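**Q** The chain contents come next:
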Amino acid sequence: MSPGLAVHRLDATDLERLFHILAGEGYSVIGPMVREGTVIYDRIASSRDLPIGWIDEQTNGSYRLVKTDSPGFFGFSSIAQSWKKFLAPPSRRLFRSQRKNGNFEILREENVPERLAFLGVRPCDLRAIAILDTVHLNGPVVDPDYRARRNHALIIAVNCTKAGNTCFCVSMGSGPEAGAGFDLCLTELLRDGDHCFLVESGSPKGDMLVESLALSEATPEDRSAGREAVRKAAQSMGRALQTDGLAELLAASLSHRRWDEIGRRCLACANCTMVCPTCFCTTVEDGTDLTGTIAWRTKLWDSCFTSEFSYIHGGSVRQGITARYRQWMTHKLSSWVEQFGTFGCVGCGRCITWCPVGIDLTEEAAIFREQTSLHA
Amino acid sequence: METLQPVLAAHPFFQNLEPEYLSLITGCASNVKFDAGTYLFREGEEAHHFYLIRQGKVGLEIFIPELGPVKVQTAGEGELVGWSWLVPPYEWHFDGQALELTRAIALDAKCLRSKCEEDHDLGYQLLKRFISILEQRLQATRLQLLDLYGTRT
Amino acid sequence: MEPAPDVVAIATVPPMNPVPCRIARSGDETGDTFTLELEPPSESGFSFRPGQFNMIYVHGVGEVPISISGDPHRTDSIVHTTRMVGLVTWGMKKHRRGDFLGIRGPYGTPWPMDVAEGNDVVIVAGGIGLAPLRPAIYDILARRDRFGKLVLLYGTRGPSDILYVRQLEEWRARFDFDVHVTVDRAIGPWKGNVGVVTTLIPKVRVDPENTIAMVCGPEVMMRFVAMDLLKLGIPEEKIFVSMERNMKCGIGLCGHCQFGPHFVCRDGPVFSYAAVRRLLGIREI
Numbered sequence: 001m002s003p004g005l006a007v008h009r010l011d012a013t014d015l016e017r018l019f020h021i022l023a024g025e026g027y028s029v030i031g032p033m034v035r036e037g038t039v040i041y042d043r044i045a046s047s048r049d050l051p052i053g054w055i056d057e058q059t060n061g062s063y064r065l066v067k068t069d070s071p072g073f074f075g076f077s078s079i080a081q082s083w084k085k086f087l088a089p090p091s092r093r094l095f096r097s098q099r100k101n102g103n104f105e106i107l108r109e110e111n112v113p114e115r116l117a118f119l120g121v122r123p124c125d126l127r128a129i130a131i132l133d134t135v136h137l138n139g140p141v142v143d144p145d146y147r148a149r150r151n152h153a154l155i156i157a158v159n160c161t162k163a164g165n166t167c168f169c170v171s172m173g174s175g176p177e178a179g180a181g182f183d184l185c186l187t188e189l190l191r192d193g194d195h196c197f198l199v200e201s202g203s204p205k206g207d208m209l210v211e212s213l214a215l216s217e218a219t220p221e222d223r224s225a226g227r228e229a230v231r232k233a234a235q236s237m238g239r240a241l242q243t244d245g246l247a248e249l250l251a252a253s254l255s256h257r258r259w260d261e262i263g264r265r266c267l268a269c270a271n272c273t274m275v276c277p278t279c280f281c282t283t284v285e286d287g288t289d290l291t292g293t294i295a296w297r298t299k300l301w302d303s304c305f306t307s308e309f310s311y312i313h314g315g316s317v318r319q320g321i322t323a324r325y326r327q328w329m330t331h332k333l334s335s336w337v338e339q340f341g342t343f344g345c346v347g348c349g350r351c352i353t354w355c356p357v358g359i360d361l362t363e364e365a366a367i368f369r370e371q372t373s374l375h376a
Numbered sequence: 001m002e003t004l005q006p007v008l009a010a011h012p013f014f015q016n017l018e019p020e021y022l023s024l025i026t027g028c029a030s031n032v033k034f035d036a037g038t039y040l041f042r043e044g045e046e047a048h049h050f051y052l053i054r055q056g057k058v059g060l061e062i063f064i065p066e067l068g069p070v071k072v073q074t075a076g077e078g079e080l081v082g083w084s085w086l087v088p089p090y091e092w093h094f095d096g097q098a099l100e101l102t103r104a105i106a107l108d109a110k111c112l113r114s115k116c117e118e119d120h121d122l123g124y125q126l127l128k129r130f131i132s133i134l135e136q137r138l139q140a141t142r143l144q145l146l147d148l149y150g151t152r153t
Numbered sequence: 001m002e003p004a005p006d007v008v009a010i011a012t013v014p015p016m017n018p019v020p021c022r023i024a025r026s027g028d029e030t031g032d033t034f035t036l037e038l039e040p041p042s043e044s045g046f047s048f049r050p051g052q053f054n055m056i057y058v059h060g061v062g063e064v065p066i067s068i069s070g071d072p073h074r075t076d077s078i079v080h081t082t083r084m085v086g087l088v089t090w091g092m093k094k095h096r097r098g099d100f101l102g103i104r105g106p107y108g109t110p111w112p113m114d115v116a117e118g119n120d121v122v123i124v125a126g127g128i129g130l131a132p133l134r135p136a137i138y139d140i141l142a143r144r145d146r147f148g149k150l151v152l153l154y155g156t157r158g159p160s161d162i163l164y165v166r167q168l169e170e171w172r173a174r175f176d177f178d179v180h181v182t183v184d185r186a187i188g189p190w191k192g193n194v195g196v197v198t199t200l201i202p203k204v205r206v207d208p209e210n211t212i213a214m215v216c217g218p219e220v221m222m223r224f225v226a227m228d229l230l231k232l233g234i235p236e237e238k239i240f241v242s243m244e245r246n247m248k249c250g251i252g253l254c255g256h257c258q259f260g261p262h263f264v265c266r267d268g269p270v271f272s273y274a275a276v277r278r279l280l281g282i283r284e285i
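Chains as they are written, first to last, in this note's numbering: chain A, 1 to 376; chain B, 1 to 153; chain C, 1 to 285.
Same shape as in the complex, but just chain A (with noise of 0.2 Å):
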């Protein structure tokens, strides 16, 4: 909550409005609800499919719901899906292709994304698909599905006012409340007898949704309460990552045996890489009919944690799990601030949470950090 920035009041009961409108603007809304035991993304309709009174418990290697009374929207925190599921989605058609005498021609396809509406994104997955963005869009050559994708996405976020036992996004400056990219910013309250959103709008179609809602201003005592509940959020961090320097610790450190003992540890699930918001790292696929007529290629998530993902011929560069391990975590903390700019990491705590062995990277920086003396 910027001062300065006008701030306004949304009802809790008035939150099926924001649907109602959002609806109008031709907008599938995609957000939580609870599935199978775990809170999930996809498409809602109404305010009541949000996980009302859930919470979530986090830790190493293991996430568990728990219902309360809590009348709360928004009471969890990181889930495993992240926005990358919807901007450049696990499987995306690249071009199909026919085969006509020794020749071949690609098919022309009209793909005309859906206009989606991103409801609860938190300010560490905002940071995400910033990160997503510049590797989408900024480099010598676009990717022209997730443009596409990516300019018919309006975005909700939802500050939190709750860490997960493996948040650390104060280091990584990236939460508990939402900086640029959003087109409308949430923080729910719930204090005696009132549960109201305050809402803030950070484009034209936030304006246009404010407009809309004709939502009153917040009230001093309001604004002062929606700060209140983020700095909480930002004082009870579960985890913590000392981000100074960490770039070129680990750019220093490649030959550091630490790697052999987590790669004893890891499993090469790739479940960091497949829940990690900013992983972006994908294969292709090619199929044909039974008569080999047409041809398809296909662009699926991939993940570095694989032995194929690093095959050229005769074999693999990164052969174990220790340097497969190595390849992430020094591409998520080190080599991506070189290639990009920023940490591939925003701290959502994700990465730990979904670890099956429980292998937290806030915890090995930090024995790198000690054991590695960049002065020696």
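It is worth saying that the hints were derived from the structure and are not from the lab. Predicted model only: the values in this text are computed from it and were never measured. Ideal Cβ positions, reconstructed from N, Cα and C, are used throughout, including at glycine. One or more hints might be untrue.
Restraint-style ranges between C-beta atoms, simulated for each label pair [to be verified]:
| id | chain 1 | residue 1 | chain 2 | residue 2 | range |
| --- | --- | --- | --- | --- | --- |
| 1 | A | Thr293 | C | Asp207 | 51 to 61 Å |
| 2 | C | Leu87 | B | Glu91 | 30 to 40 Å |
| 3 | C | Asp207 | B | Glu66 | 42 to 52 Å |
| 4 | B | Lys128 | C | Ala24 | 28 to 38 Å |
No farther apart than 30 Å at their CA atoms in a straight line, the calculated lysine-lysine pairs in the DSS-like style are these [as the list claims (entries may be wrong)]:
| id | chain 1 | residue 1 | chain 2 | residue 2 |
| --- | --- | --- | --- | --- |
| 5 | A | Lys100 | C | Lys93 |
| 6 | C | Lys191 | B | Lys33 |
| 7 | C | Lys93 | B | Lys128 |
| 8 | B | Lys128 | B | Lys110 |
| 9 | C | Lys203 | C | Lys149 |
Based on the hints, put chains B and C in the right spot on chain A.
**A** Only chains B and C this time, still in chain A's reference frame:
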């Protein structure tokens, strides 16, 4: 009569060797010439000499019954062939064939060995030079062992 | 090293769609290598810089990065020499004259041809590594007077693995091109050098401070070659190597070709040895 000393001094193997040692060595040196296809030495023969090649090319071969002669190394201008003379029982391990007209300085093994025994400083100077060549050959052999260019399976 | 504006690329929208190009010629180089000549898809032709690569698509089979080995001063053909090592290269080989393969490119950083002007040039190739260096040789020979000495050191496994044999003979016949070929081992009537390619390096006579070295071959070979070039006195920032990593997109988006902080497809394949020296010494990077 003109001696071979300036020729020896000009060869990279003896670069910067002190003149007193050079003149000692010159006493063991003789000029030799091999026509293309002829052999400098054969496997199992006594290693009477080693050769500083001035011109041409010498191939080291070993005969493998089902393959025939296999060349494992060649040495050309400015290079040296042979260290069997240094190590008992002083026998050649390979065949050395002149692949083209080859001119060389042959250094008599017995002569050199006795001079080295008499003057260990000379022996040390020579050994240092041989060790450096052996190191290069060993490194090259290791690379050769890696068989880098083949399709890995 | 930005691609020059005069480069006519086969770039498409969307950027991962290949463009069909007709095979004009296909011929064997050695037992497991072959050269394809393709026609550019349009009259504007195709141009590239020595050291760059194309992504080559075989309908329904897959796509691989292959270095360009043609003459950079010709825009009427796209030439690739490759070895049959996987499904896609086998598929390329099965295609005949008149068939079509998909092309997009050129991609990647070139050999430092401009920097090399006025310098002696030492080119060291191992095995199929001569293919991405051939365009650099064509370029230097096309404007030979702008460069100092030109030396090629080329090593292969055996005499039957030598690429571009007739061309090597022509080059060796020139008075302004010092060509040395060696093989790791030789069976039969081979009269040339036997020994790994590094054994040729001590014989090179160049002005090391003013020499550009371009090296391409298996990674281990490049490491040893670079060490020996340093011993000659060539500074590490004047030694260039061409790296190889898995590539799925060629345009810096798929993440596969990472080599430390570098995307080999975009920041490479050609790197100065100074930039990659430390990484080359780290296992499985």
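**Q** Please flag the earlier hints that this structure goes against, numbers listed from lowest up.
**A** Those not satisfied are hints 2, 4 and 7.
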